[in-house]
Every structure is written in C-alpha cells, then in structure tokens.
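From just these sequences and the hints, can you work out the full model?
Residues per chain are reported as follows:
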Amino acid sequence: MSASFPSDSVGLVTPQIATFETPLALACGKTLERFELVYETYGTLNAERSNAVLICHALSGHHHAAGYHSVDERKPGWWDAYIGPGKVIDTDRFFVVSLNNLGGCHGSTGPCSINPLTGHQWGPTFPVMTVADWVHSQARLADKLGIERFAAVVGGSLGGMQAMQWTIAYPERVANVAVIAATPRLSAQNIAFNEVARQAIRSDPDFHDGWYADHEAIPKLGLKLARMIGHITYLSEHSMGSRFGRDLRSDQLNFGYDVEFQVESYLRHQGDTFSTRFDANTYLLMTKALDYFDPAGQHDGDLSAALAPAACPFLVVSFTTDWRFAPARSRELVSALLRAGKAVSYINVDSPHGHDAFLLPNDQYEAVFGSYMRRIHADITGEAA
Amino acid sequence: MRADLELIYDWIPNDARILDLGCGDGTLLAALARHKNVTGYGLEIDADGIAACLGKGVNVLEQNLDDGLGNFVDDACDLVIMTQALQVLRRPDTMLDQMLRVAPECIIAFPNFAYWKHRLHLAFRGRMPVSRSLPHAWYDTPNIHLSTFQDFASLCRDKGITIVDEAVGSADHEGHWTSRLWPNLFGETAIFRVRRGR
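Protein sequences, first through last, are from chains A and B.
Sequential numbering of the first sequence, starting at 1, is according to the numbering used here.
Sequential numbering of the second sequence, starting at 1001, is according to the numbering used here.
Everything labelled a hint here was simulated from the structure, so no lab data went into it.
A few of these clues could be false.
[As the list claims (entries may be wrong)] Have a look at the derived ranges for each label pair, beta carbon to beta carbon:
hint, chain 1, residue 1, chain 2, residue 2, range
1, B, PRO1135, A, ARG140, 57 to 65 Å
2, A, ASP300, B, ASN1064, 28 to 36 Å
3, B, ASN1037, A, ASP143, 30 to 38 Å
4, B, THR1094, A, SER187, 51 to 59 Å
5, B, ASN1064, A, ASP302, 25 to 33 Å
Heads up, the beta-carbon is just placed ideally off N, CA and C, and yes, glycines get one too.
Spelled out as structure tokens, the structure:
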C-alpha cells in the first residue's frame, strides 16, 4: 500500500484524539470544562524526548499537515511540501506534532461539537478563542505526549502568531521558533478584510444567527464570499496576473454577469469548495482570533516588552510579494526582538506568490529554512550540521 | 579564514557583542562565538550566505546596508565590523557615522586603491586597475566608492574619529600585517580600528 505514496511522503497517517478533563480557562472569561484535540504525528520521538516539532496551523488549516489519510486521498496534507522524510522538517530526524486548534471544524472541540451543559451543539455560543488560548491548549497536548520542551515551534500566518505566543507564554518549553509570513498584529486593513468576510457570512439568510445546523442549513453563499475575498489577499497581483491575466472562458464577451474571466471562475470555484468543507462559526471565530492577537497591546504598544520573556532564537521569514502580512510587518517583529536583545535571524524570501508563498515549494525558502532545521537537529544530537 | 578576518578575529575581545556588516557565510561570527564567547548578528543580502549562517547557528538578518542601521538602537553592541563592503556603499561616510552610533568602536577593512600595483596599472596602461582584490571592469563593478588607506585616515580626522589601530595586508593572505612603513603604497587591503570621538 505504501508503494503508492511518493518516497518523500510520510505516507498513510491516522489522526488521533486527545481528551482533556481539566478545565481550561479562556481569555474571554469563560471556561471549557473538557475538550478534545485531534492531532497527527509524523516521525519518532527520541528517547530524550528532545526532537519534537510543533506545527501551528493558519486560518483554514487543520491537523492534517502531511501524508495521506487513505490511498484514495487526492491531495496530501496542507504542508506536505515541507514535512516528510528528507524534507525541510525532516521526519527522519524530528517527531512532528500537528493539531487542529480549539474552535476548529476538523475534529477538535469547536462550534460543531456538543456542549455538555446543554446536550446541544455549541454553534454560535462556542467561546471566542484567542491565540493565547490555543497555545495553552497546545501545551496541554504536549504534556500528554510527554514533551517537556519542543525542539522547535513552527507556524505560518496565524500559525506564526501562535509560535510567537509560545515564546511569551512558555519560554522554557521552546528551544527554537520559526515565525513565517506572520505579523505581530493585524493592520486596520487586515481587520477590514476580515470584517467583510464576517459580514458576508452573517448576512447570509441561511446563517440563522449561527444556528444554521438547527435549520439544517449551511450559509454557503456567505462562506463562499468570505473565502473569495480572503483568497484575493492570499495571492499577489503578479501571481493572479500571470495565472489568469484577462483570459476569458469563452472567446468573446457576453455582456452579462455570468462568469466570463478565468479569475472569476477560479474564485467562484475556490469559494464553492470551501463553503461545503468549512464551518461558518469556525471561520468567524478564527478571524476574531486573528484580529485580537496583539501581544504588545498589554505593554502600551511596546512589542519588545511583550517579547521580554522569550528565551530562544527566532527565525523570521517573510515573502517579497506578500501584501496581507507584508515584509514590513515581519521587520517590525525583528526590530522589536533586536531592541529586546534576542537572538533572531530574518530573511525576506523572493517569491511571486504573495501570502500563499509560505505553503509553496521555493528553492531559496527551502535552503534557508532547511539549513535552520538541520542546525536544530545538530544541536540535539551534538553533531556538526 | 581569510587573512583580514584572522587579524580582526585577534582584535576582538572575549564576550563582546558585535555586529558584522556583510557577514558572508558567517565564518568570523561562528569562530568568535565558539572560541571567544562573542554574541551578535550578521547582516547579509546573499541568500546562500544567509543559509550558511543559519547552518552555523549564526544570527543573520537579510538587510541591505544602504538602507542603514535604523533597526539598531544607539550602543546596541560593543563593536561593529565591516569587511570588503565600504567601497560598495552609496554613502560610506554616513555609514561610518551610523556604525559609531550603534557601537563605540568599529573595525573596517577595504581594498586600498593606492596599492602600488594599482598605481602602476593606471600609470602605465592608462586603464582602471583590475586585480585580485579589484576583479571587476569599470562598468560592472559594485565598487562605487574606491578609496585609499590615506583617504580613510583623512576622513576619520575630518570627522573627529580616533584611529585606534591600523594594518595592511595582501590579498593572497600570505603577507605579514606588521609592515607599517608605507602602508598606503604596499597595502593591498587596509584595516582600521576606530573609536567614536577624539
């Protein structure tokens, strides 16, 4: 069976579920009495338990980062280009842990789960999560897996914010951190895009104030629009231009409002696919977590002060054409780390692919990130990189 | 290690916090970290150099020196090093100011344009010198601000910068660095150690 997977794939993977009975106090003031996290692991934890790498996912991500759930699965996990035997995050060397965050819709406790107090779906009453809440829940998972300290915590976009938060909340539990295509806080423009997405969902007649499941409905239209607007911010003007240009689906203008340009067709397709596989309440919650993240906020806007607890070397990566979380946002983080006297490395990777570049193959990115990960492994084993 | 780097290595005290502008593959910073407990950052724009630094555990930032050192606070470190980069900068003089804002002391190495072979090249061939230390043609060279050992000493005097130490060497890395008789004539590479103020 494994012969049908590429040789640099982790192959067939089976998600596992961890159940936590100790209540988790949340930033919003509420408490989750019990919760479940669905996760996958790749590679083997060494005897010293020192080679674990935590992968934090982005807005629409989940636990399935690498490999395949079945031989029939068409596409591998969302970061398969970077996780696997011999890849940047080398599963021959590292024990990789990837989970679905709380509030998610891929198996961890979230709006689609049953609220034990009511016996009914949480729906819109599921507590609004923050990045800090997620990191606390991830630390619980680490406890359960017997991981005292991660060799590295790695994340892109919203995942990069979680990686950043780890160094603030649990500095003693992180040996290295990679913050990729992220930002220390959202700009007004970022929040504006999120709000348009939320309004698209909330104004869908099928949304029913978040109780759509009770009405056996799905706010597909709203989710579709939310994804379409989000998707525009993930690509660059250049990558859209080179991929679609002004190409038409047929060879003439129709003087109507059906799909005419290829880019319209692409966006509608992305939106349609997303609207049937992602939960609307989860999408709302995830965008809120993005908006709220601002570690400097509790320190009068002083990011250096917020990062004072951090005790590990940082790798910060941005991409030249990323305008969602532009290179300047990563440089803000780097400058704050420099002011705080922290160990930090930074590269602005040349890519035409906008924000999505962090997921895609890129020689320069792989060389730099790979070099960093090999050095981490060398530190663990005491060998030269 | 390159001969100029070896000399600089000897000049750097234990436990220093340093900034290496144009750090290349991080050889100097890695050696200083290992043997002298030196900490700091390298600045580099070449992606291969950055990857090599990361492989050595050297902190490296992708940063164009012409964009300045604005992300470093005053006295961020003890010493700033810049080898073979002065001559490619848009404004070497303002960079010198910034280096001495970020640290009280700097070490700077650059090709000495007054080296006797360069003088002969210009005098007898009437062409811009092309040599081991200056391998480019005039039209594609990154070296837009070539200077001499004496030019740099004069700039320091004008700016009220103290020259703590100076040395010259040859690019084949075999020359002895102690020759001080006619450095402007016989030094292929000039190395200065300077301090803020008089």
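Status of the hints after comparison with the structure:
no.	hint	verdict
1	PRO1135/B x ARG140/A: 57 to 65 Å	59 Å, holds
2	ASP300/A x ASN1064/B: 28 to 36 Å	31 Å, holds
3	ASN1037/B x ASP143/A: 30 to 38 Å	35 Å, holds
4	THR1094/B x SER187/A: 51 to 59 Å	31 Å, violated
5	ASN1064/B x ASP302/A: 25 to 33 Å	27 Å, holds
Hint 4 from the earlier list is the only one contradicted by this structure; the remaining hints agree with it.
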